[in-house]
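**Student:** As you go down the protein sequences, you meet chains S and W in turn.
Going by my numbering, the first sequence opens with residue 1, and the numbers climb by one from there.
Going by my numbering, the second sequence opens with residue 182, and the numbers climb by one from there.
Quick caveat, the hints were computed from the structure, so don't treat them as lab data.
Glycine included, each C-beta is placed from N, C-alpha and C at the ideal position.
Be aware that a few hints might be false.
[What the hints assert, rightly or not] Partial list, computed: chain W residues near chain S (C-beta under 8 Å):
1. Glu307
2. Phe309
3. Asp320
4. Leu362
5. Glu363
6. Ser423
7. Gly432
8. Phe500
9. Ala501
10. Met505
11. Thr518
12. Ile520
13. His533
The chain contents come next:
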Amino acid sequence: MITTKEIKFDNETLAMVQSIIKRYPEGKHKSALLPLLHLAQAEFDGWLSVPTMDYVASLLNIKPIEVYEVASFYSMFNLKPVGKCLIEVCRTSSCWLRGANEIVEHIGNRLGIKNGETTADGKFTLKTVECLGSCGTAPMLQIGEQYYEDLTFDKVDALINEWNNKTEHSKYLDVNTFRKN
Amino acid sequence: MSKKILLEHIDVPGIETLEVYRAKGGYASVEKALKTMTQDAIVEEVKKSGLRGRGGAGFPTGMKWSFLAKPEGVARYLVCNADESEPGTFKDRYLMEKIPHLLIEGMITSSFALGANTSYIYVRGEYFYIIKILEKAIDDAYKAGLLGQNILGTGYNLDLHVQAGAGAYICGEETALLESLEGKRGNPRIKPPFPAIAGLFACPTIVNNVETIAAVVPIVNNGGDWYAGIGIGKSTGTKLISASGHINKPGVYEIEMGITVEDFIYSEEYCGGIKNGKKLKAVVAGGSSVPILPADLILTTANGEKRLMSYESLADGGFATGTMLGSGGFIVMDETTNIVENLYTFARFYHHESCGQCSPCREGTGWMEKILHKILDGHGTLEDVDLLWEIQRKIEGNTICPLGDAAAWPVASAIRHFKTEFEEFVKNPSAFKKVKHYHNMHGLATA
Numbered sequence: 001m002i003t004t005k006e007i008k009f010d011n012e013t014l015a016m017v018q019s020i021i022k023r024y025p026e027g028k029h030k031s032a033l034l035p036l037l038h039l040a041q042a043e044f045d046g047w048l049s050v051p052t053m054d055y056v057a058s059l060l061n062i063k064p065i066e067v068y069e070v071a072s073f074y075s076m077f078n079l080k081p082v083g084k085c086l087i088e089v090c091r092t093s094s095c096w097l098r099g100a101n102e103i104v105e106h107i108g109n110r111l112g113i114k115n116g117e118t119t120a121d122g123k124f125t126l127k128t129v130e131c132l133g134s135c136g137t138a139p140m141l142q143i144g145e146q147y148y149e150d151l152t153f154d155k156v157d158a159l160i161n162e163w164n165n166k167t168e169h170s171k172y173l174d175v176n177t178f179r180k181n
Numbered sequence: 182m183s184k185k186i187l188l189e190h191i192d193v194p195g196i197e198t199l200e201v202y203r204a205k206g207g208y209a210s211v212e213k214a215l216k217t218m219t220q221d222a223i224v225e226e227v228k229k230s231g232l233r234g235r236g237g238a239g240f241p242t243g244m245k246w247s248f249l250a251k252p253e254g255v256a257r258y259l260v261c262n263a264d265e266s267e268p269g270t271f272k273d274r275y276l277m278e279k280i281p282h283l284l285i286e287g288m289i290t291s292s293f294a295l296g297a298n299t300s301y302i303y304v305r306g307e308y309f310y311i312i313k314i315l316e317k318a319i320d321d322a323y324k325a326g327l328l329g330q331n332i333l334g335t336g337y338n339l340d341l342h343v344q345a346g347a348g349a350y351i352c353g354e355e356t357a358l359l360e361s362l363e364g365k366r367g368n369p370r371i372k373p374p375f376p377a378i379a380g381l382f383a384c385p386t387i388v389n390n391v392e393t394i395a396a397v398v399p400i401v402n403n404g405g406d407w408y409a410g411i412g413i414g415k416s417t418g419t420k421l422i423s424a425s426g427h428i429n430k431p432g433v434y435e436i437e438m439g440i441t442v443e444d445f446i447y448s449e450e451y452c453g454g455i456k457n458g459k460k461l462k463a464v465v466a467g468g469s470s471v472p473i474l475p476a477d478l479i480l481t482t483a484n485g486e487k488r489l490m491s492y493e494s495l496a497d498g499g500f501a502t503g504t505m506l507g508s509g510g511f512i513v514m515d516e517t518t519n520i521v522e523n524l525y526t527f528a529r530f531y532h533h534e535s536c537g538q539c540s541p542c543r544e545g546t547g548w549m550e551k552i553l554h555k556i557l558d559g560h561g562t563l564e565d566v567d568l569l570w571e572i573q574r575k576i577e578g579n580t581i582c583p584l585g586d587a588a589a590w591p592v593a594s595a596i597r598h599f600k601t602e603f604e605e606f607v608k609n610p611s612a613f614k615k616v617k618h619y620h621n622m623h624g625l626a627t628a
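Using the sequences and the hints given, assemble the complete structure.
**Tutor:** Pasting the structure below:
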């Protein structure tokens with residue numbers, strides 16, 4: 001989804017930005033970059049466009065390149081648009097041992113997309129990821145902040161149906177995730 | 182031989198709340214430390230306890246603490262490493278989810294011992310729901326006067342914050358974690374200086390794993406000697422083991438160090454044996470980085486002694502016939518497991534997670550993934566197996582941080598113990614389960 005809204009946080013989020021900055025010593029506000037990028041990604045359709053990253057740079061009074069180099073390092077930051085529902089399936093050893101590849105294949109078949117692709121209606125993106133720390137409840141996948149564990153094909157089908165009917169974007173967090181200092 | 186210390190109250194309904202946690206004796210170590218002990222006395226107890234870093238390295242915690250520089254007028258920091266990302270490891274997540282106040286309590290007591298007035302818990306970004314749980318627990322602790330100014334009227338001040346990571350295994354390496362906490366790419370720093378001298382914001386800093394910090398609570402409550410009396414030899418206390426793979430009862434188990442590996446795998450108290458009545462083939466005992474061992478060597482050492490769940494026993498025989506306790510990420514594989522394909526998932530993981538700073542790791546992990554992919558695709562040769570061996574040998578010891586070693590050891594050990602399987606695969610690939618083409622998925626996260 002390409003966002004059409006203005007790249008600007010609302011007042012509540014801006015207050016949270018100030019609260020987060022206060023968590024670090026004077027002059028060390030760049031430490032707030034990762035939390036702010038999370039807030040921005042959640043706010044602006046699940047990905048970080050260049051204008052969004054420039055906006056975050058302006059909030060922290062740092063150079064845009066300092067934001068780009070960080071955003072491109074971490075795998076949770078999407079630098080391209082993703083579907084409304086981003087399905088991230090773990091397939092490292094423990095999940096692979098318990099059928100992760102079959103889960104990926106099943107989702108791909110259900111949605112008619114390959115790993116890394118987004119459905120034509122912009123609803124789903126399928127992405128395989130590395131170990132999410134859910135090895136004892138493998139196989140598993142993550143949609144936004146929610147972990148779905150001990151997966152079966154039936155569970156996956158139910159999830160896809162559930163998300164097919166949702167209008168909101170899957171997101172890792174919202175402004176309420178962090179404590180107000 | 183069940184011994185629950187950290188998880189003693191894990192099944193108490195409502196133990197995640199401050200109220201129930203305190204009713205069960207929670208925050209006693211804060212009262213004891215702040216009101217009756219000096220900072221040095223606490224460090225001394227931790228030294229006596231023999232507690233070793235639970236994140237994977239196993240370095241003595243008390244000794245690490247004693248390295249902390251204390252220049253006049255310079256802030257000191259305690260940073261909790263909750264970036265748990267080692268494949269096969271999910272114990273910290275379990276502890277933070279089920280009993281978050283144990284970590285908060287450990288952070289307060291430990292921060293006091295180190296003279297830190299601001300501390301951070303760096304949590305891997307994927308654990309957002311854990312971050313919510315921790316933020317709530319911290320909020321409640323502030324309201325109860327356990328955090329903030331003049332804690333429990335003792336004059337000690339501490340602010341505690343949660344920092345969210347954003348998906349990078351390398352940030353579990355302590356200097357990469359500090360870089361990330363400063364809002365930068367997670368590139369490990371060259372040591373020295375060690376964080377204890379110049380860490381977060383160039384100030385003296387101690388970085389400890391979640392489980393390590395949690396263990397400080399019972400150590401302060403009961404004394405270092407008490408803790409040292411639990412376990413075996415230099416593997417004191419208990420350890421949280423994350424058990425996964427082909428077992429009947431995957432999950433997190435607290436064990437007293439020194440139980441036999443056999444007991445851990447087969448007893449009903451722990452893993453409950455191999456799933457579907459199959460035979461054990463191999464185990465990765467301490468997270469993906471440690472050497473894989475075949476069934477006979479994980480159950481008994483090369484000398485024929487029963488292998489124990491302890492730092493020393495698991496390492497017995499060196500890398501030739503032993504492995505490491507590591508993070509306690511215990512991955513069990515049954516007789517049907519294709520060792521080559523399992524190794525491929527590890528190789529892909531390390532390639533994905535290499536920060537790219539050192540060429541042996543950046544290039545080597547990529548080549549190892551490519552060669553294993555080629556073998557899996559049915560185009561491998563016997564020379565490819567030798568090439569894999571050569572590449573891992575050239576990565577090990579030649580990088581700034583231990584990720585290079587962590588990428589090399591699984592490859593080396595798989596070839597060391599299962600070379601015939603690689604050779605058979607190369608000679609007759611169709612006899613093995615044919616894998617489908619794997620797409621390179623790195624494109625989503627890069628510009």
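**Student:** Against each hint, give a clear statement of whether it holds in the structure.
**Tutor:** For each hint, the structure was consulted:
The beta carbon of Glu307(W) is positioned within 8 Å of a beta carbon in chain S (closest approach about 5 Å), and the interface hint is therefore held. Residue-level restraint check for Phe309(W) holds (minimum Cβ-Cβ distance to chain S is 4 Å; threshold 8 Å). Proximity of Asp320(W) to chain S holds as hinted, the smallest CB-CB distance being about 5 Å (cut-off 8 Å). Given the 8 Å rule on beta carbons, the hint for Leu362(W) holds: about 6 Å separates it from the nearest Cβ of chain S.
Annotation: interface hint on Glu363(W) holds; nearest CB of chain S at approximately 6 Å, less than 8 Å. Given hint, Ser423(W) at the interface with chain S, holds; its Cβ is 6 Å from that chain's nearest Cβ, closer than 8 Å. Below 8 Å, beta-carbon pairs count as interface contacts, and Gly432(W) has one with chain S at about 5 Å; its hint therefore holds. Restraint check, Phe500(W) versus chain S: the minimum CB separation of about 19 Å is more than 8 Å; hint violated.
Using the Cβ-Cβ criterion of 8 Å, the hint placing Ala501(W) at the interface with chain S is not satisfied: the shortest such distance is roughly 23 Å. Violation of the interface hint for Met505(W) is found here, the shortest Cβ-Cβ separation to chain S being roughly 16 Å, above the 8 Å cut-off. The closest approach between the C-beta of Thr518(W) and any C-beta of chain S is roughly 7 Å, which is under the 8 Å cut-off, so the hint is satisfied. The criterion of a C-beta within 8 Å of any C-beta in chain S is not met by Ile520(W), whose closest approach is roughly 11 Å, and the hint is violated.
Checking His533(W) against chain S by beta carbon gives a least distance of about 5 Å; that is within 8 Å, so the hint holds.
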